[in-house]
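Next come the chains, spelled out residue by residue.
2 protein chains.
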Amino acid sequence: MYKNEGRRRRTTGVSAERELVSKLWKQGFAVIRGPASGSRIKKGVYPDIVAIKNRHVFVIEVKKRAKLDHIYIDREQIEKLKEFARRAGGEPLIAVKVAEKRVWKAVPISNVKEVSMDKCRIDKGIIEQAEDLMNYLNSRINLGLDSYLSK
Amino acid sequence: MYKNEGRRRRTTGVSAERELVSKLWKQGFAVIRGPASGSRIKKGVYPDIVAIKNRHVFVIEVKKRAKLDHIYIDREQIEKLKEFARRAGGEPLIAVKVAEKRVWKAVPISNVKEVSMDKCRIDKGIIEQAEDLMNYLNSRINLGLDSYLSK
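Chains C and E supply the protein sequences, listed in that same order.
Start counting the first sequence at 1255; every next residue gets the next number (the numbering used here).
Start counting the second sequence at 1255; every next residue gets the next number (the numbering used here).
Simulated from the structure, these hints should not be mistaken for lab results.
Computed from a prediction, not measured in an experiment: that's the story for all the values here.
If a hint is listed, it holds; no wrong ones were tucked in.
Simulated pairs of lysine-lysine, DSS-like, Cα-Cα distance not exceeding 25 angstroms: (1) C:Lys-1336 with E:Lys-1280; (2) C:Lys-1334 with E:Lys-1277; (3) C:Lys-1334 with E:Lys-1307; (4) E:Lys-1336 with E:Lys-1307; (5) E:Lys-1336 with C:Lys-1307; (6) E:Lys-1336 with C:Lys-1277; (7) E:Lys-1307 with C:Lys-1336; (8) C:Lys-1277 with E:Lys-1334; (9) E:Lys-1307 with C:Lys-1307; (10) C:Lys-1336 with E:Lys-1277; (11) C:Lys-1280 with E:Lys-1336; (12) C:Lys-1307 with E:Lys-1334; (13) E:Lys-1334 with C:Lys-1280; (14) E:Lys-1280 with C:Lys-1334.
Residues from chain C shown here face chain E by an in silico Cβ test under 8 angstroms; the list is partial: (15) Gly-1282; (16) Phe-1283; (17) Ala-1284; (18) Ile-1286; (19) Arg-1287; (20) Pro-1289; (21) Tyr-1300; (22) Val-1304; (23) Ile-1306; (24) Lys-1307; (25) Asn-1308; (26) Arg-1309; (27) Val-1311; (28) Arg-1341; (29) Ala-1342; (30) Gly-1343.
Beta carbons: idealized from backbone N, C-alpha and C, even for Gly.
For reference, chain C alone in the conformation it holds in the complex (with noise of 0.2 angstroms):
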């Protein structure tokens, strides 16, 4: 990890945050983006993304890598983003790009193992055996978000 590596990140991740924000408005979804996100002001009040549509939310933390490799994530980021989606009614999800993959799969939440007391995990092969995000999504609101609130 070089010197610029949290902002290099944090570059990315915007970019990343962009790229996903329009191909969610293009599938039909309402989409908005966290101020200042990427940015450490954000961290742990806003999620990355909050798609909707007819009345199904999901909360979404933003992934880019360049390769595919375990993921750490802060816990408190991931209780902020279970906070969000329970007072919303909505589904918690970790949306994830491997650059070299060039596709965006779905975490579900569940998916996100604790490791430690302040860091979270998405293992190497979850992430490769993940559902693309898009039918993912799809079929979350064909199937009713009832189904996972009631879980």
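Assemble chain E onto chain C, guided by the hints.
Below, chain E alone, put in the same frame as chain C:
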């Protein structure tokens, strides 16, 4: 209107939005504010605020004024608000704060009049008689947004 009027209004706009976000969060809503809110870049892309509780989605344009008077809004802005709400299955509305009155009021989109090719207006009288914002939102949730959607 003095030289920096536009800029001043944007600054006021952002602080009003932050105040409203905080108020809504305390009332149990999931709330997100659009990026670069108040700036020209954002205009026409995102609503100012999206507030969600238990799958009831409110798509909100925020207006703060020092004194009670007519409020003019770009018609394009209103159209975008409606489109976002249509996709979300939610309700578009204007949250108005008149500083001297110290309360937030809710103006339903049906009370926003088209007055020219590119401008809409909320009449002073409408603002004066508008319901308290929190009461309005809670009554809409209790009523069920379905009745709004089928109107």
